[in-house]
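Peer 1: As a plain string of letters, each chain reads:
2 protein chains.
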Amino acid sequence: MAEAGSEVSQTRIMVAVNESSMKGYPHASISSEGAFQWTLQKIVRYNPNGFKVILLHAQFPPGDGFNEMDHVYTSLNDFRGMKNKNKPRGLHLLKYFVGRCQHMGVPCEAWIKRGKPEEVILLEVRRIRPDILVLGWRGLRPFESVMYGTVSDFCEKHAECPVIRIRRKEEDMPQNRVDD
Amino acid sequence: MAEAGSEVSQTRIMVAVNESSMKGYPHASISSEGAFQWTLQKIVRYNPNGFKVILLHAQFPPGDGFNEMDHVYTSLNDFRGMKNKNKPRGLHLLKYFVGRCQHMGVPCEAWIKRGKPEEVILLEVRRIRPDILVLGWRGLRPFESVMYGTVSDFCEKHAECPVIRIRRKEEDMPQNRVDD
Numbered sequence: 001m002a003e004a005g006s007e008v009s010q011t012r013i014m015v016a017v018n019e020s021s022m023k024g025y026p027h028a029s030i031s032s033e034g035a036f037q038w039t040l041q042k043i044v045r046y047n048p049n050g051f052k053v054i055l056l057h058a059q060f061p062p063g064d065g066f067n068e069m070d071h072v073y074t075s076l077n078d079f080r081g082m083k084n085k086n087k088p089r090g091l092h093l094l095k096y097f098v099g100r101c102q103h104m105g106v107p108c109e110a111w112i113k114r115g116k117p118e119e120v121i122l123l124e125v126r127r128i129r130p131d132i133l134v135l136g137w138r139g140l141r142p143f144e145s146v147m148y149g150t151v152s153d154f155c156e157k158h159a160e161c162p163v164i165r166i167r168r169k170e171e172d173m174p175q176n177r178v179d180d
Numbered sequence: 181m182a183e184a185g186s187e188v189s190q191t192r193i194m195v196a197v198n199e200s201s202m203k204g205y206p207h208a209s210i211s212s213e214g215a216f217q218w219t220l221q222k223i224v225r226y227n228p229n230g231f232k233v234i235l236l237h238a239q240f241p242p243g244d245g246f247n248e249m250d251h252v253y254t255s256l257n258d259f260r261g262m263k264n265k266n267k268p269r270g271l272h273l274l275k276y277f278v279g280r281c282q283h284m285g286v287p288c289e290a291w292i293k294r295g296k297p298e299e300v301i302l303l304e305v306r307r308i309r310p311d312i313l314v315l316g317w318r319g320l321r322p323f324e325s326v327m328y329g330t331v332s333d334f335c336e337k338h339a340e341c342p343v344i345r346i347r348r349k350e351e352d353m354p355q356n357r358v359d360d
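Protein sequences, first through last, are from chains P and V.
Going by the working numbering, the first residue of the first sequence is number 1, and it counts up by one from there.
Going by the working numbering, the first residue of the second sequence is number 181, and it counts up by one from there.
Rather than coming from a laboratory, the hints here were simulated on the basis of the structure.
Take every hint as true, because none was put in to throw you off.
Computed cross-link-like contacts, DSS-like style, restricted to lysine-lysine with a CA-CA straight-line distance of at most 25 angstroms:
1) V/K296 x P/K157
2) P/K116 x V/K337
3) V/K232 x P/K169
4) V/K337 x P/K169
5) P/K23 x P/K95
6) V/K337 x P/K157
7) V/K349 x P/K52
8) V/K232 x P/K52
Let the hints inform the model, and build the full structure from the sequences given.
Peer 2: Here is the structure:
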């Protein structure tokens with residue numbers, strides 16, 4: 001079935017993105033920026049129309065503007081209504097990534113879900129059934145991982161689709177490796 | 181640098197393949213067959229020339245050679261025959277995968293290295309620096325993994341490039357899940 005389906009459909013790549021822990025919204029975290037860039041450069045760029053990029057942002061704890069949750073954004077126009085309204089800053093983060101996809105001509109979808117990132121990602125993978133889940137990876141040392149936990153470790157173990165984790169480049173590591 | 185390079189080069193996908201633990205050479209294991217098929221169908225098929233598939237087969241002495249059990253070795257010469265037997269068997273396995281790539285018009289390279297699969301794979305990744313390492317995954321349960329170990333767990337943790345593990349489909353699971 002999967003094989004038959006894949007003959008006629010695009011390969012759907014889900015990329016989980018989050019905000020910078022240092023600069024906050026609308027800046028993307030180093031690892032999700034890296035994972036997104038890797039996806040475009042190594043997989044998608046050869047044939048944008050062969051793929052669909054699905055951008056997922058898990059917002060925890062949830063801010064205001066719950067009415068935007070579960071809304072699917074497919075083009076920059078969808079964000080126009082944002083101006084002069086108090087909407088989640090998460091949308092600015094998605095807008096940045098959707099803009100990058102549009103600029104490259106890659107079909108994409110993006111949305112925000114409330115909840116713990118690892119839970120949101122696993123549930124959305126089960127619901128959407130992407131072909132690949134791409135996650136940024138801070139590349140914490142074992143002790144740091146135990147102390148601070150890592151979303152990507154958990155998702156790599158439990159996601160119901162193939163997972164690829166893109167480790168932060170050493171040169172991109174912040175002074176405090178837990179930051180992102 | 182990596183980004184700059186990737187603008188002009190193909191994305192190099194290393195796929196580790198091994199023989200069936202049930203049928204032996206030249207048959208591919210269920211998980212490596214699945215990983216290879218997934219790579220062609222989900223990533224490469226859209227634009228074969230954008231990618232290069234690197235096929236690596238680690239042959240662990242005495243390879244599949246259970247037929248060498250009960251053989252009494254009295255001198256080093258006795259082992260020559262074994263090596264000479266196993267190498268061609270491994271080549272038949274590679275020939276099968278290279279043929280599949282050729283049929284699809286995907287540039288590929290393939291070779292055999294002798295040694296423990298996890299060690300060979302990590303060393304070759306360090307030497308070749310592929311963009312992605314694709315591994316088949318038997319999808320063993322935690323207890324089974326501890327009992328029998330899994331190459332993909334080890335490589336996923338330690339490989340110096342992004343790793344994607346393709347889990348065997350439930351319908352492909354052999355009666356004994358440790359088999360492959």
